[in-house]
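Undergrad: What follows is the residue order along each chain.
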Amino acid sequence: MSLQATTYLFVGLSFALYIGIAVWARAGSTKEFYAAGGNVHPVMNGMATGADWMSAASFISMAGLISNMGYGGALFLMGWTGGYVLLAMLLAPYLRKFGKFTVPQFFGTRYYSKGASTVAVFCLLAASLTYIIGQMTGVGVAFSRFLGVSNSTGIYIGMAIVFCYAVFGGMKGITYTQVAQYCVLILAYTVPAIFISLQLTGNPIPQLGLGSDMVGSSVSLLHKLDLISTDLGFAQYTTHIRISMLNTFVYTVSLMIGTAGLPHVIMRFFTVPSVKDARSSAGWALVFIAILYTTAPAVAAMARMNLLKTVNPTIMTNGDVFAPDAQIEHAKRPDWMTRWEVTGLLKFKDLNGDGRIQYYNDKNTDPAFQAKVAAAGWKGSELSVNQDIIVLANPEIALLPNWVIALVAAGGLAAALSTAAGLLLAISSAISHDLLKEKFMPDLTEKGELMAGKISMAVAIVVAGLLGLHPPGFAAGTVAIAFGLAASSIFPALMMGIFSKTMNKHGAIAGMIAGIGVTMFYVFAHKGIFFIKGTDFVSHLGGANFFFGIEPNAFGAIGAVVNFAVAFAVKNMTEPVPADIAAMVEAVRIPRGSKVVDGTH
Amino acid sequence: MQHDSAGYWKATLGLIRNVLIVWFVVSYGFGILLAPALNSIHIGGYPLGFWFAQQGSMYVFVALIFIYAKLMGNIDKKFDVHED
Chain C
1 MSLQATTYLF
11 VGLSFALYIG
21 IAVWARAGST
31 KEFYAAGGNV
41 HPVMNGMATG
51 ADWMSAASFI
61 SMAGLISNMG
71 YGGALFLMGW
81 TGGYVLLAML
91 LAPYLRKFGK
101 FTVPQFFGTR
111 YYSKGASTVA
121 VFCLLAASLT
131 YIIGQMTGVG
141 VAFSRFLGVS
151 NSTGIYIGMA
161 IVFCYAVFGG
171 MKGITYTQVA
181 QYCVLILAYT
191 VPAIFISLQL
201 TGNPIPQLGL
211 GSDMVGSSVS
221 LLHKLDLIST
231 DLGFAQYTTH
241 IRISMLNTFV
251 YTVSLMIGTA
261 GLPHVIMRFF
271 TVPSVKDARS
281 SAGWALVFIA
291 ILYTTAPAVA
301 AMARMNLLKT
311 VNPTIMTNGD
321 VFAPDAQIEH
331 AKRPDWMTRW
341 EVTGLLKFKD
351 LNGDGRIQYY
361 NDKNTDPAFQ
371 AKVAAAGWKG
381 SELSVNQDII
391 VLANPEIALL
401 PNWVIALVAA
411 GGLAAALSTA
421 AGLLLAISSA
431 ISHDLLKEKF
441 MPDLTEKGEL
451 MAGKISMAVA
461 IVVAGLLGLH
471 PPGFAAGTVA
481 IAFGLAASSI
491 FPALMMGIFS
501 KTMNKHGAIA
511 GMIAGIGVTM
521 FYVFAHKGIF
531 FIKGTDFVSH
541 LGGANFFFGI
551 EPNAFGAIGA
561 VVNFAVAFAV
571 KNMTEPVPAD
581 IAAMVEAVRI
591 PRGSKVVDGT
601 H
Chain X
1001 MQHDSAGYWK
1011 ATLGLIRNVL
1021 IVWFVVSYGF
1031 GILLAPALNS
1041 IHIGGYPLGF
1051 WFAQQGSMYV
1061 FVALIFIYAK
1071 LMGNIDKKFD
1081 VHED
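These protein sequence lines map, in sequence, to chains C and X. Mapping the first sequence onto the working numbering, position 452 (from 1) lands on 452, and the numbers just tick up by one. Heads up: take any position in the second sequence, counting from 1, add 1000, and you land on the working numbering.
Treat the hints as calculated values from the structure; they're not laboratory data. Watch out, some of these pointers could steer you wrong.
Restraint-style ranges between C-beta atoms, simulated for each label pair [to be verified]: (1) Gly1007(X) / Thr535(C): 52 to 60 Å; (2) Tyr156(C) / His1042(X): 22 to 30 Å; (3) Tyr8(C) / Ala1063(X): 49 to 57 Å; (4) Leu1020(X) / Arg592(C): 37 to 45 Å; (5) Trp403(C) / Gly1007(X): 57 to 65 Å; (6) Leu351(C) / Ala1063(X): 47 to 55 Å; (7) His540(C) / Ala1063(X): 32 to 40 Å; (8) His1042(X) / Leu541(C): 22 to 30 Å; (9) Arg592(C) / Ser1040(X): 45 to 53 Å; (10) Phe547(C) / Val1025(X): 51 to 59 Å.
DSBU-like, lysine-lysine: derived pairs with alpha carbons at most 30 Å apart [to be verified]: (11) Lys447(C) / Lys100(C); (12) Lys1077(X) / Lys276(C); (13) Lys309(C) / Lys1070(X); (14) Lys363(C) / Lys379(C); (15) Lys372(C) / Lys332(C); (16) Lys501(C) / Lys114(C); (17) Lys347(C) / Lys1077(X); (18) Lys501(C) / Lys1077(X); (19) Lys309(C) / Lys1077(X); (20) Lys1070(X) / Lys501(C); (21) Lys363(C) / Lys1077(X).
Using N, Cα and C, we set each Cβ at its ideal position, and we do this for glycine too.
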């Protein structure tokens, strides 16, 4: 069977499975729609959270970024897993005890004000919408390659599919489909990694293969990668960081607390039966997430090795990479390169007209390296590889059988769709329940609310899809901004709501507005207002990364600090928190008496 | 029966503090701040700082959550506030 046919078969089968489950577990009430009935087993919930969590950015984009960034890519690995420790200890059990469906409901009750809940809705929408843009970018990449269509068409197809299945399922359907999606995506990620690890190091476990010696030599894979990277003018793989150590640090903080503040993740902990289960459920979620996240660095390093090896076969025999016949001829390039050239995500431009592919770091200013480049007659790096294709192309690069490539296609789509569905659910419940029902139309019927939720999902898909056509960066980069927005607004306000008995509504509202305001200002300064090209104003503010060299994707941590500082300052200037609210915070801290989540407050 | 809620909260915060210390030392400490120094030590083919950043810290995170959940369960029972 041809690759194209196999791909259709695998993608088709996986979709049939999800749709079957969604129909079987159709949501009949708002309680099922939002919280899946409130009796999901922690291990099951962990798996669903894993699928919900591992988005197009994790599945498709992250290994590509690590592949490019080397050691510095660890900020994604630690940032997107370390937040679960915070979530498990600081938020999940208390929010479960609190017993509400949504994050804005918590804010409305804890800060005894509709205003606080409305501000939270807007922060939540800002973060979730930005996040979906990243998903749509990923969906576009996946569909364009596997259906052989343009990136824009890929996004349109993705929009249609996400729409169908998020709108009809609701949380109950989503929880069980996500369990299926987790299985598909984790197989799709680990199977090729196992094959590649075997090929390169002889060790079937990628996590160990990454630290093993290359087949037939006594040089470790990482050491070899360091050597050939520096030969080609790139930074050393195991030590390279972008910008600065401070930036790496702040970026990691931002992703960690953003993880703990993202509403679509927090919502998952309302679906377990008890406080005790909420604690361990975060652990199960992280187990399932870590299977992918500890594989990713191996995928990244091995993909890089394979790419450099394909372009410059001599590196494996310690030959001279600058020799005239060392690089591969474009006419003899492998099939996978041809296939990806069609999508425009991999480009070759023969700058020196010798018909061979020169791939190296042409930004390297080291005189000795420049001299070698000049002597070899190279006129610039001729290959550009979009980072987002690394994982999808990986099995092809390693010449794995067609069914593995098709499996990866199904996995990538599962990852993007499951997260998009979870996010859409967070968005729709924020609009239909927290904004319409609680604030503007209190006499909305349950049926009307469900309808409003579905309409807001549809609108969110269209907005995200259109913005996804002109994304402000790679999928994982865009997603990092979403984390920054959540980190600077929702996380600090949740923390103060649980751990400070004296935080009042004025402090919380002012803190959220200040935190997200500062972060948005910094991001827009660099990436344009609402990511529209040409509206950036960073040149008026002291150049790129003007605040201690911290890049906009990492700025959420600074926003969070601003949030805490403003909140406590304002709290001290305004009237104290009412006694009944202080007593309620006290009660939330005690696990006993947790009941079924109640949404009809 | 009146629970010793102040004592319970103190025990909870103490546990959270200890877990956070380990969490910080492993990720930000070994994985970022001290990584350049640790890289001179190798385990297998891994430079140690690189290992903590790209593998080790995640294993520790998983362990930390389950240890926390277990110890927190013990605290709940000790102060008699566990769920029925």
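Undergrad: Next step is simple, just say for each hint if it's right about the structure.
TA: For each hint, the structure was consulted:
1. Gly1007(X) / Thr535(C): 52 to 60 Å: holds, 56 Å
2. Tyr156(C) / His1042(X): 22 to 30 Å: violated, 50 Å
3. Tyr8(C) / Ala1063(X): 49 to 57 Å: violated, 42 Å
4. Leu1020(X) / Arg592(C): 37 to 45 Å: violated, 25 Å
5. Trp403(C) / Gly1007(X): 57 to 65 Å: holds, 59 Å
6. Leu351(C) / Ala1063(X): 47 to 55 Å: holds, 51 Å
7. His540(C) / Ala1063(X): 32 to 40 Å: violated, 48 Å
8. His1042(X) / Leu541(C): 22 to 30 Å: At 44 Å between Cβs, range violated.
9. Arg592(C) / Ser1040(X): 45 to 53 Å: With a Cβ separation near 51 Å, Arg592(C) and Ser1040(X) satisfy 45 to 53 Å, so the hint holds.
10. Phe547(C) / Val1025(X): 51 to 59 Å: violated, 27 Å
11. Lys447(C) / Lys100(C): holds, 20 Å
12. Lys1077(X) / Lys276(C): holds, 12 Å
13. Lys309(C) / Lys1070(X): violated, 48 Å
14. Lys363(C) / Lys379(C): Measuring from Cα to Cα gives roughly 12 Å; hence the hint holds.
15. Lys372(C) / Lys332(C): Holds: Lys372(C) and Lys332(C) sit about 25 Å apart, inside 30 Å.
16. Lys501(C) / Lys114(C): Holds, at roughly 19 Å.
17. Lys347(C) / Lys1077(X): violated, 62 Å
18. Lys501(C) / Lys1077(X): OK: Lys501(C) and Lys1077(X) at ~24 Å, within 30 Å.
19. Lys309(C) / Lys1077(X): Since the Cα atoms of Lys309(C) and Lys1077(X) sit roughly 58 Å apart, the hinted pair is violated (cutoff 30 Å).
20. Lys1070(X) / Lys501(C): Holds: Lys1070(X) and Lys501(C) sit about 26 Å apart, inside 30 Å.
21. Lys363(C) / Lys1077(X): violated, 61 Å
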